[in-house]
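Participant: Below are the chains, spelled out letter by letter.
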Amino acid sequence: MTLSLFDQFLSPVMFWIPLVAIAITLPWILFPGPTTRWVNNRSLTSQNWLLSQATSQIFLPINTPGHKWALLLSSLLIFLITMNTAGLLPYTFTPTSQLSINMGLAGALWMGVVILGMRTQPTHSLGHLLPEGAPALLTPILVIIETISLFIRPIALGVRLTANLTAGHLLIQLTSTATLVLLTIMPLTAIATGTLLFLLALLEAAVALIQAYVFVLLLSLYLQENV
Amino acid sequence: MLSRLVFLSANSLRSSGLIGAGLVQASRSLQTSSQRLAPVPPLPEHGGKVRHGLIPEELFEFLYPKTGVTGPYMLGTGLIVYLLSKELYVINHETIYAICIGTIIVYGVKKYGATVAAFIDSINEEKVAKAQVAKDSHISFLTEAIENEKKEQWRVEGRGMLFDAKRNNVAMLLETNYRERQHMVTNEVKRRLDYQIALQHLNRRLQQEHMINWVEKNVISSITPQQEKESIAKCIADLKVLAKTTQAKAAA
Numbered sequence: 000m001t002l003s004l005f006d007q008f009l010s011p012v013m014f015w016i017p018l019v020a021i022a023i024t025l026p027w028i029l030f031p032g033p034t035t036r037w038v039n040n041r042s043l044t045s046q047n048w049l050l051s052q053a054t055s056q057i058f059l060p061i062n063t064p065g066h067k068w069a070l071l072l073s074s075l076l077i078f079l080i081t082m083n084t085a086g087l088l089p090y091t092f093t094p095t096s097q098l099s100i101n102m103g104l105a106g107a108l109w110m111g112v113v114i115l116g117m118r119t120q121p122t123h124s125l126g127h128l129l130p131e132g133a134p135a136l137l138t139p140i141l142v143i144i145e146t147i148s149l150f151i152r153p154i155a156l157g158v159r160l161t162a163n164l165t166a167g168h169l170l171i172q173l174t175s176t177a178t179l180v181l182l183t184i185m186p187l188t189a190i191a192t193g194t195l196l197f198l199l200a201l202l203e204a205a206v207a208l209i210q211a212y213v214f215v216l217l218l219s220l221y222l223q224e225n226v
Numbered sequence: 000m001l002s003r004l005v006f007l008s009a010n011s012l013r014s015s016g017l018i019g020a021g022l023v024q025a026s027r028s029l030q031t032s033s034q035r036l037a038p039v040p041p042l043p044e045h046g047g048k049v050r051h052g053l054i055p056e057e058l059f060e061f062l063y064p065k066t067g068v069t070g071p072y073m074l075g076t077g078l079i080v081y082l083l084s085k086e087l088y089v090i091n092h093e094t095i096y097a098i099c100i101g102t103i104i105v106y107g108v109k110k111y112g113a114t115v116a117a118f119i120d121s122i123n124e125e126k127v128a129k130a131q132v133a134k135d136s137h138i139s140f141l142t143e144a145i146e147n148e149k150k151e152q153w154r155v156e157g158r159g160m161l162f163d164a165k166r167n168n169v170a171m172l173l174e175t176n177y178r179e180r181q182h183m184v185t186n187e188v189k190r191r192l193d194y195q196i197a198l199q200h201l202n203r204r205l206q207q208e209h210m211i212n213w214v215e216k217n218v219i220s221s222i223t224p225q226q227e228k229e230s231i232a233k234c235i236a237d238l239k240v241l242a243k244t245t246q247a248k249a250a251a
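Here the protein sequences come in this chain order: P and X.
Just so we're aligned: 57 in numbering that gives the first Met the number 0 is position 58 of the first sequence, and the numbers increase by one with no gaps anywhere.
Just so we're aligned: 86 in numbering that gives the first Met the number 0 is position 87 of the second sequence, and the numbers increase by one with no gaps anywhere.
Everything labelled a hint here was simulated from the structure, so no lab data went into it.
Only a predicted model underlies this, so the values are computations on that prediction, with no experimental measurement involved.
Take every hint as true, because none was put in to throw you off.
Over 12 Å on every C-beta distance to chain X, these chain P residues come out as not near it, computed from the model:
(1) Pro11
(2) Ile23
(3) Val113
(4) Leu125
(5) Pro130
(6) Ile147
(7) Leu220
Straight-line distance between alpha carbons at most 35 Å, and here's what the computed DSBU-like set of lysine-lysine pairs gives:
(8) Lys109(X) <-> Lys126(X)
(9) Lys233(X) <-> Lys243(X)
(10) Lys109(X) <-> Lys48(X)
(11) Lys129(X) <-> Lys67(P)
(12) Lys85(X) <-> Lys65(X)
(13) Lys126(X) <-> Lys67(P)
Pulled a few chain X residues facing chain P out of the computed Cβ check, cut under 10 Å:
(14) Val39
(15) Ile90
(16) His92
(17) Cys99
(18) Gly101
(19) Thr102
(20) Ile103
(21) Ile104
(22) Asp120
(23) Asn123
Glycine included, every Cβ here is placed at the ideal spot set by N, Cα and C.
If we strip away everything but chain X, and leave its shape as in the complex, we get:
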């Protein structure tokens, strides 16, 4: 609290002419608040340690080497006794009242101090928690976005395979189509060639039949009746001979 006064007064001293600047420099060791505002200097986690709610721990540490543990208490007692005995502090009605109000204040602080401190801490905690929630939700959103991005990248890798499959598909279709058409072409050509062959066969057959018919006709027409008689007689004679040989074989 007093350091704040020193800082404020230092500001006003600085602007107050010749002596002011020297005073500021000379008293720099006494200025405990930070001399810069940015970046915001860190605050200590807890306030200075205090014994009995009023007396800073530094006094006890200061007196410990020379007077031990009871030193400050002896100092306090001695001071009080000195003030009372020399009547520098006179006991009057305000003393009674001071005892009274002191009791009330100490009792109030001891009883409700922790509760009030916890409540105030909860106000601050809520504020920090809200910011933390916002920060956490943002972080989780960004993490999710990273995950989705990675997934998309993985998908992109698979895209090549997809295109290959599609390309294969199309190639197969084309191949099938080509083969079908080739098959059709072959069939048609074969049909036409078969027709030509059938035509040729027909031609040949007709020629052969015609020739056979002509030869038969000519042969038949060339056979004279005498020849016919002679051939018939010969046949009969052959037959008789055959019959005789057969009978002979059968009898033997």
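Isolated chain P (complex conformation):
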């Protein structure tokens, strides 16, 4: 089982049966639904507590009509965090390192938010294309720039997540390859590379959580503008 550097990014297939659906849906077993107990076990209590804290934090600045999006954004958060952190384990496939999944999520959600804003309060939504306090002369250029920035948002959202995860995973692969190769040639350098790998792994763990949170936070910001 010799691995090339890009084998981890291939959609998983076993005997020509695609496993990507299982890779995406199987982690949901880790999050059981409401139980018939009043006091749950530790894992359920921690999941409930963390999710309620995160959701209340994200939805603090959003007004009441926007709270209809709570279920969608909280489940999105859990999805991204689970996919990212599960991808930290060796020999796993990270679905969120694929542009297809991230662009699907980002594009659909961004478009939903913008259309919602345009339909319910079109003037207010269009008003965001001209930031406050800008001098009157710059209005035409500013509107063009703001429109471009508006349409770049889904691309930015999707590509940010993909690039972060792909880059992180790739760096880890490279550093661990270097460590493995140097282990027989220059052991001391291998130790240095190993330390670098260790720090990288810590960074990747942080990035996994942060990128998921940033994705959901930015969506909530776009929602705040438009709802």
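Go by the hints and put chain X onto chain P.
Facilitator: Frame of chain P, contents of chain X only:
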């Protein structure tokens, strides 16, 4: 976790026609979750015992009779060596990374595991404590109510004594009043009778005086002058005799 899958799949199997029902019955020994939802079945206090965080204790107990304490460890070592020697598991860059991330995870769990567990337990404890406070306050309120009720019942027992005392009081008042009035009646009657007696005495006295006066008057008027002279002479003679006898006595 897998038992949950079995239970869910059992549900879907049950509805999938002829073979489904047979499969459910045949696999009933494998279904570990409870088959009823009410009353809520009790949960075990602690999870299954695990050695080294991954391997269930049941494996060690299973192998102990034949291979003793070191059996499972030999099995593990043998497995790993077999996989490596036959190159079923190839050491590649992911192995280095696996060692790395394994170290991080184990270190994280060992260092922060107890703290996180204590925090989560505290969340649950708070929830239970709130309910306990409500329950305790309700129980104490009811106990107090019972005490008050008993006190009221005791008070009711004393009510008879209170009424007796009041009844006595009223009876005494009535008695006193009656006696006063009786006293007054007696006094009045006595006054009237005294008056009648005084009247009678007066009558009698007047009669007596009148009679005495009449008798004296008649006697005096009946005394003739001659009689008067004779009686005076007699008196003088008596007096002389008396004087003589007295002188005689004095001289003797």
